[in-house]
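Visitor: Here is how the chains run, residue by residue.
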Amino acid sequence: MITLECASLKGFLDCASLAVSGGRSCIILTETEFEKNLLLRIFTGLTRLDSGKIFIFGKEVSSFSCGELNAVRKRMGIVLNNGGLISNLKVWENIMLPLSYHSSLSHHDMDEKMLSILGKIGYDDDIAALPGPLPVYKKRLAGLARAMLMEPDLIIYDSVFDGLSPEIRNKALETITVFQRQKEGRASLFFDMDEGLLDYIRADSIYTLKKGKLYERN
Amino acid sequence: MKIKRITESLLDTIIYLSELFNLILNAFKNLPALKINPVRTVFFRQIYFAGIETLGKMVIIGLLIGIVIISQITSLVGVGRGELIGKILVWVVIRELGPLFAAIVIIARSVTAISAELGSMNVQGEIASIEMLGIDPERYLIMPRIIAITLSAVILTFYFELAAILGGIIVTSLFWGVPFEQHTAGILTSLTIPELSASLVKSLLFGLVISAVSCSQGLKVSGSITKIPQATTKATMQSLFFVFIFDGIITLIFFL
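Protein chains in written order, with our numbering: chain L, 1 to 218; chain V, 1001 to 1256.
Take these hints with a grain of salt, some might be off.
Said to hold, decoys possible - Pulled a few chain L residues facing chain V out of the computed Cβ check, cut under 10 Å:
1. L40
2. R41
3. V72
4. M76
5. L80
6. S100
To be verified - Label pairs and their computed distance ranges (CB to CB):
7. L:S17 - V:T1041: 34 to 44 Å
8. V:G1078 - L:L130: 52 to 62 Å
9. V:T1041 - L:E112: 15 to 25 Å
10. L:D162 - V:T1041: 26 to 36 Å
11. V:R1045 - L:E112: 24 to 34 Å
12. V:T1007 - L:K10: 23 to 33 Å
13. V:L1055 - L:H108: 28 to 38 Å
14. V:F1255 - L:K10: 37 to 47 Å
15. L:A129 - V:P1194: 48 to 58 Å
16. V:P1032 - L:N88: 45 to 55 Å
Simulated from the structure, these hints should not be mistaken for lab results.
Computed from a predicted model, the values in this text were never measured in an experiment.
For glycine and all other residues, C-beta sits at the position ideal for the given N, C-alpha and C.
From just these sequences and the hints, can you work out the full model?
Guide: In structure tokens form, the structure reads like this:
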């Protein structure tokens, strides 16, 4: 599903390798937020490697053009720590943005799909409001709904449990677990800096980024 | 040392101009993306903000400018020269003031808004977030803005010119008793293809340059929110500068 082969980026990655296959979940722990964000940018093709290879869905993407990368990104869902919502779009416009951009579904079908997902994840705020005043948790939920709507093959979570109460965290975790099982071969990647994540998420593999190398834990 | 600095700044200018040219070229290449619903929404929002919301004020400014110009010309050449007055009105309004005023109003209203909006989106990581969704920011954010601002510039120029000429004619007819037909004869004989095409070319070019400058400056903002006001100031000043430069060049090409 996603593989790094001796990936190097000056001052950041030094021949780092990683492999996550379809249907698996993986936790990647970094020491700093900068490292986490840069790794996220590499996985989404926003930052190019100096050397090494990155395979996403079996394709080597490091030399892909913008258009080719966008085709790959369509199959990925990313839930950012701050929700990654666009501030001048209303919540429902944010949630619908990738679906209405990439698909040819009718408005009615898209609306139905969105409302069903919002019901499942328990989003009960006003979707006609701008996202600015929303609490971070709600923004993340909207970001999650946006990613789920695209039915991705690979979903990346960027510190999504950060600062949540145990009750809300467990609810979010349940939603994420159910979502991964809904599609055969769907992989989940959890990026975080907090080792405490290991207490409540059971992943198939755990990697730690240290001094430019990715170490797999037993 | 001095030559080195001059060469560097000249190179920077050439690189910047090629960036602007690329933005405009890509906007035209990405035109088919207007079929995509969210892109079309951004386009219509820009048309509404830069064109429709500005229209009323533009017409009022046009009327007032028309009145001022015709009053000055009439007091200069006298009341009986309706044909000459009409001719001068066309020359001043269609050739020069129409495209120029439309551009200045768009600069005051939209350049600051676009550069600040894109700058803030960049600083807050929203543009990266859009890219992560598999959406090309040049298609979703830049193209609709460039095309909408350019169309708005052309439409606002047309309404400004119409209002200025009508305002002028009405005032001279009402206050100086110049027959309506005398003006229309002067205006119609002076309204030739070069006049109209100069006005169209100017407004098109001003719209393209203004929108490209504002998008480029907005996209360059990175790191800190405090850089947004700097970007908007830079975008405003550069847009004004380019508009006056292109105004001079086009006038020379068409009427020299």
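Visitor: Does each hint hold? Answer for all of them.
Guide: Okay, the hints, checked on the actual structure:
no., hint, verdict
1, L40, "8 Å, holds"
2, R41, "7 Å, holds"
3, V72, "8 Å, holds"
4, M76, "8 Å, holds"
5, L80, "6 Å, holds"
6, S100, "5 Å, holds"
7, L:S17 - V:T1041: 34 to 44 Å, "43 Å, holds"
8, V:G1078 - L:L130: 52 to 62 Å, "60 Å, holds"
9, V:T1041 - L:E112: 15 to 25 Å, "20 Å, holds"
10, L:D162 - V:T1041: 26 to 36 Å, "32 Å, holds"
11, V:R1045 - L:E112: 24 to 34 Å, "25 Å, holds"
12, V:T1007 - L:K10: 23 to 33 Å, "30 Å, holds"
13, V:L1055 - L:H108: 28 to 38 Å, "34 Å, holds"
14, V:F1255 - L:K10: 37 to 47 Å, "56 Å, violated"
15, L:A129 - V:P1194: 48 to 58 Å, "53 Å, holds"
16, V:P1032 - L:N88: 45 to 55 Å, "24 Å, violated"
Comparing the model with each earlier hint shows violations of hints 14, 16; every other hint is respected.
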